[in-house]
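**Student:** Now for the letters of each chain:
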Amino acid sequence: MKKLLSISLLILLANTVFSQIVTNPDTVCVGSTEYYKVPKTAGSTYTWGIYHGSGTIIASATTDSINIAWSNTAGLDSIWVFEVNAGNCKGDTSKLKVARVAKPTAQFDNANLCSGNILKVIFTGYLPFSLEYTRNGTIIVQNGITQNPYTIGTQSGNYHLVNVTDKNCKNLILSGTINSLIAQPLNTLQIIHK
Amino acid sequence: MLKYICLYIIISVSVHVFAQKEAANWVLPHNFWLDFNSNPPTQKTTAITQQTGICTSPMSDSLGNLLFIAGSYQSITNSIIDKNGNLISSFLSSSQLVLPNKLVIPIPQNKQKYYVFLSVYNTDVTPNNFGCYFTIIDMQLNNGLGSAVTGSTNILFNSDTIISVTGTKHSDCSGYWLILRSQTKFYAYLINSSGLNLAPVISNASSYINLNTGFQTFKVNPQGNKIAETTSNNQIICYDFNCTTGAITNNKIKDFTGIFNSIIAVEFSPDGSKLYFTTRNLSNLAQLNQVLISNGNIDFNNLSLIYNNTNSLDLVHLQIGIDSKIYISSSLIVNRQNFFSVINNPNLSGTNCNFIYKAIIAPLGVNFASKLPNFISSYFNPQACLDYTYTINCQSAQFTLNANSIQSVLWNFGDNQTSTLLNPTHTYVNTGTYTVTLIVIFTNIQQQTVTKQLTINPQPQIIKIVHK
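Chains A and B, in that order, are what the protein sequence lines are. Mapping of the first sequence onto this note's numbering: position 158 corresponds to residue 158, and the numbering continues sequentially without gaps. Mapping of the second sequence onto this note's numbering: position 426 corresponds to residue 1426, and the numbering continues sequentially without gaps.
Read the hints as simulated data drawn from the structure, not as lab findings. Just so you know, these numbers come straight off a predicted model, no measurement behind them. Heads up, some of the hints might be wrong.
[Stated by the list, open to error] Calculated cross-link-like contacts (lysine-lysine; reagent style DSBU-like; alpha-carbon spacing at most 30 Å):
1. K90(A) / K1464(B)
2. K1464(B) / K40(A)
3. K1044(B) / K90(A)
4. K120(A) / K40(A)
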């Protein structure tokens, strides 16, 4: 009987401590605009907020859904919301932790290679990656890349990186070494004696 | 049965008297003041300079504090003065009607603004000056003493031969009707939160008023559904007033020639069931017992003579007070003081109405010349719009009572909890739908009950934020 009471007490304590939803951090890209929603109850109003202000709530903050424009810096923050029903009863505040992560990057390990050399791409971000690049103007998409650096190959041509997507974000590649050339094999030089 | 006995006991022991007292101060001509904040009313003389014989319409707040008076000021015949006797605004006309020609009506849902109406009938000037004017007073101005609203003073809105004004509530319990009597017509103007609707409902009257041949009065009953007037031909005419549409119809005329001579004035009992009238040359007070009967007609033969003497002008004008008694003024006769006679229980038939001759005698020298103040008739029927509102704040509810002249209240919140406070707050332990019953006992001992249901909702559940 005593044991049962203890268990009940623990359950009660646990319910009290964790009465507000504790969620795993939700991940968003820096600079992105994201949509958040709670179940709607007729007659209720909802009040939303962002603890550390690293995002901006777009449009009404009293409806059951909002859009948040997150800042361009990586970091952690939390969204909170509470409901006030038609009888003016305020519910507990619910939170959602949010991790703002940097966008992935990709660049070639070398801008110019000789024929026979291996062209590789070096990523930042979280596996797996998807990579879109061109070779001599032809678009090539490679999904499910789980290696970093990733080997493109040795085929000669003009290579250009277009965008990269990691587990969380997509990024148009705008900087770094995004062009590379694997030269054509050279003909054997003939030595001429004049 | 035991439950009801207990309720009655609780109500009976509630000693506080709650009242909305907009008609609590009768500031009369010649600086005489009856203050109905006490029972019986207290006689006061005031520094508020009022000419003798000029009709007044004093306005008080719901707690009985005098706000301002539509009356006269020194040599200015028709003016509006603050509670300290200072001039707020003057009407341009100096018309001196013997009938109630001023009336104050609040602007609904705006507790600080009031219309002051003045009817004028002035044949002493050329061209003759007829009609009805208004000025709006805003009590928020002049440090709370009130001032006329710029651009809203002396506005002529009816140019007919307006003789007298009265008013009552609209059936929605929010708006008011301003009713004007011209020589041949009635004009009913609706006043709501948007202000005065300048398109009146016009109804024909059954009699032509000739001010040179006699005095006449007209009154609306406190219930707002009957109008009675006297004519210079010893007639009493009753009409139906539709307080939804403003139409005045179904006139019933009784000629009392041979029974009474020179009928002057009328007044309804607070419950609207009786109509009292007075005569001029011999002082008679009579009661018509069945004013409100089922088919809308009036039994003019069900008549009681309440009092008579051979004096002239002992009993002139009649007016209900917020104590639900009817006060009857005398005219000043040489070597005699002004006085009031009182009908203590005007809802009762015959001599049971308990008429007291010369119940209140004014100080020597005071001459209010039989003039009584003019009020909206609905102030004397608190039951008409008894209602309460509530706002729910989660588990608790704040109740607000809307009624006049309350003796005591009993709230039953539907969860076996009660209160005798006027505007209580109650916290419910459990969620659910409750039937809240309010029992009100009015100062006239009548009782009324209002029942409503309210729902206490459960607290919102914990909600999960979804990122899409």
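**Student:** Broken hints, numbered, in rising order?
**Tutor:** 3, 4
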